[in-house]
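> Spelled out, the chains give:
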Amino acid sequence: MGLLRYESQVRPPLVNGDKDYHQVTEDICRPVETRPSKAWWIGFIISVLVLCFGIVSVTMEVIYGVNQWNLNKTVGWGYDITNFVWWIGIGHAGTLISAILLLFRQGWRTGVNRAAEAMTIFAVICAGQFPIWHMGRVWVAFFTLPYPNTRGPLWPNFNSPLLWDVFAISTYFTVSLLFWYSGLIPDVATLRDRAKLKWRKLFYGIAAFGWTGSTKHWQRHEALSLVLAGLATPLVLSVHTIVSFDFATSVVPGWHTTIFPPYFVAGAIFSGFAMVQTLLVVTRKVLALEDYITIEHIEVMNKVIVLTGSIVGIAYLTELFIAWYGANTYEGFAFLQNRVNINSPYGWAYFIMMGCNVLSPQIFWFRKMRRNLLVTFFMSILVNVGMWFERFVIIVTSVYRDYLPSSWSTYYAPTIWEVGFYMGTFGLFFTCYFLFSKYFPVIALAEIKHILKKNGESFKEKMTPVENETLYEFVEKHGHDHGA
Amino acid sequence: MAVKKFITGNFYDEAVLFPAVTKVRRAGYKIHDVYTPFPIHGLDKAMGLRDTGLHTAGFIYGITGTCTALGFITWALTLDWAINFGGKPFFSLPAWIPITFELTVLFASVGMVMTFCYLCQLAPFVKKDHFNARSTDDTFVMALECTDKTNEQEVIGFLNNLGAKDVEVQYRETEWWLGRYDKDTKRFERKVEPVH
Chain A
1 MGLLRYESQV RPPLVNGDKD YHQVTEDICR PVETRPSKAW WIGFIISVLV LCFGIVSVTM
61 EVIYGVNQWN LNKTVGWGYD ITNFVWWIGI GHAGTLISAI LLLFRQGWRT GVNRAAEAMT
121 IFAVICAGQF PIWHMGRVWV AFFTLPYPNT RGPLWPNFNS PLLWDVFAIS TYFTVSLLFW
181 YSGLIPDVAT LRDRAKLKWR KLFYGIAAFG WTGSTKHWQR HEALSLVLAG LATPLVLSVH
241 TIVSFDFATS VVPGWHTTIF PPYFVAGAIF SGFAMVQTLL VVTRKVLALE DYITIEHIEV
301 MNKVIVLTGS IVGIAYLTEL FIAWYGANTY EGFAFLQNRV NINSPYGWAY FIMMGCNVLS
361 PQIFWFRKMR RNLLVTFFMS ILVNVGMWFE RFVIIVTSVY RDYLPSSWST YYAPTIWEVG
421 FYMGTFGLFF TCYFLFSKYF PVIALAEIKH ILKKNGESFK EKMTPVENET LYEFVEKHGH
481 DHGA
Chain B
1 MAVKKFITGN FYDEAVLFPA VTKVRRAGYK IHDVYTPFPI HGLDKAMGLR DTGLHTAGFI
61 YGITGTCTAL GFITWALTLD WAINFGGKPF FSLPAWIPIT FELTVLFASV GMVMTFCYLC
121 QLAPFVKKDH FNARSTDDTF VMALECTDKT NEQEVIGFLN NLGAKDVEVQ YRETEWWLGR
181 YDKDTKRFER KVEPVH
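Going down the list, the protein sequences come from chains A and B. Heads up, the first sequence is in this note's numbering, so the first residue is 1 and it goes up one at a time. Heads up, the second sequence is in this note's numbering, so the first residue is 1 and it goes up one at a time.
None of these hints come from the bench; they were simulated from the model. Values in this document were obtained by computation on a predicted structure and should not be read as measured data. Ideal placement from N, C-alpha and C gives every residue a C-beta, glycine not left out. Do not rely on the hints blindly, as some may be mistaken.
Some but not every residue of chain B turned toward chain A, in silico, with C-beta under 10 Å [claimed, not checked]:
id	residue
1	136
2	146
3	148
4	163
5	183
So these bits of chain B aren't anywhere near chain A, every CB distance computed over 10 Å [said to hold, decoys possible]:
id	residue
6	4
7	27
8	29
9	67
10	127
11	160
12	162
13	165
Let the hints inform the model, and build the full structure from the sequences given.
Here it is, written out as structure tokens:
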């Protein structure tokens, strides 16, 4: 067993403190099994109130039509599609963490994947609201689906990126949900077996699906996770690629660029990790899970943020270069007049985007900054502000001045109901997250236990003598020991 | 099936469990199952379980999704209701790749999860007998099935020697049944006496 558990001392432990399996269960189940704190109630009530405002805003839009929003002749996609792309981008981190990092065998993902996946699901739910309610006649939203109807049957246009979106996002939501819940089942079973109260036994009994932890079931569970990760990896890349096709396959200057798919995917990972940071920096503190979501986890995610932020930065510069080098008058106008030009009506938005997304994450080149919680939290907010402005810049500055100057719109600014809708999705997101963090373990219990004997602090310390052995001693002592 | 007799032993360390599994098998006892709180790599091999065919099922579901998407779109846009989109060919395969890919992933994932649930008999309101509630927390529980010929004391002694704790005889239902965990339901709760 020596070799099975051996991991180099060079890597910092992923679980701090002297923990055994039972202690891990106790620590992670504690927030679920105790009464919620006052902070939880305050946060939850605020979220529900904001959600209510969102519901009112959407109701206004449904009753009185999309006219309640300030969309005009040229700006047909304004706040709502900006928010859609923003939320769907945020919804990419969870699956990235759990799927891609699973394939890459990154042990640190175990501390953050469960919460990140939950966040993904809630973000996709929020994202889905925008195109649905933007339809105006939302009661015919099912027209997007290819069902045998009485109009021919008339099929939707399978060549349209907007229909690809319907398929991509509903598939992404379904697969993320299945992936998340199949991972959650064993942990819910743990809660069920610890439950003392009647309603807990009932609730977790239903939710655990009768999981027992049989070796054969674990074997299948492992196979399922691996294949789902393999499927979710191209899926997560495809979803934002397809979202970028909504723009890239059009002939609008500023949208019609081949760089969009990789640029959108990098931006999605960037904003998604920022949202994970925002949530986890608070969650680990409030739920006292600092031993599981350690500074190491925060630092690693900050490294991903600086990497993807820089990729996004290169994409911005490439776009500008091509706008100039391509010598297309209209594209040049969209980029050089409507965006980079600080004196243009939306020039400020472009520079907020540049500042937040490209310049500010560079602070994470410094180790001290990566490991500073306050800086991390502040930066995570800043990045998401920047990423919101990126989508706003792409959408609004490309369309508010179209080919015909007489239809150049006046300044597009949202109405209270557009803002209210956006706020409402925040309410929805945080309501879901608060409920999740109260009723489900925010850390993947079984996965933490799985890596505990290799990456736990106390177990790593026991490996110090192994580390100091010579190669000969090492082979002699552990070479033929495969657990037989 | 019905209630069977088992001898269970609890282990708290994989380093003890692995050799124990090997020795129990070598001694000729039949391991009913080992219940663990997390997946232990190599335990299935040590127990002599064969590989799962879930991957293959996933592949078949995926191919089904690909064929469904391509077949349906081809039929809808070339045969059933061909629409001229800007003079492009009716059979415009590149534009169908995204939906084909999405349906492949969707079919494969949903199919695999449903197969997984079917094989492991997982569903809401399914109830199964537990040997030890701590097996979802920190205990590895090994259950050996007893037959008429089994010498209980010998098995108990054997497991104790291998490092198992709290070795005991338990009678357990081996199948699932519909029930709730807040109520102490059994699979054959009401045995009505036959009327003669």
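> Please go over all the hints and tell whether each is borne out by the structure.
Now the hints, each set against the structure:
1. 136: 4 Å, holds
2. 146: 18 Å, violated
3. 148: 25 Å, violated
4. 163: Violated, about 13 Å.
5. 183: 8 Å, holds
6. 4: Holds: least Cβ distance 15 Å, greater than 10 Å.
7. 27: 15 Å, holds
8. 29: 16 Å, holds
9. 67: 15 Å, holds
10. 127: Label violated. Min Cβ-Cβ 6 Å, cutoff 10 Å.
11. 160: 21 Å, holds
12. 162: 14 Å, holds
13. 165: 14 Å, holds
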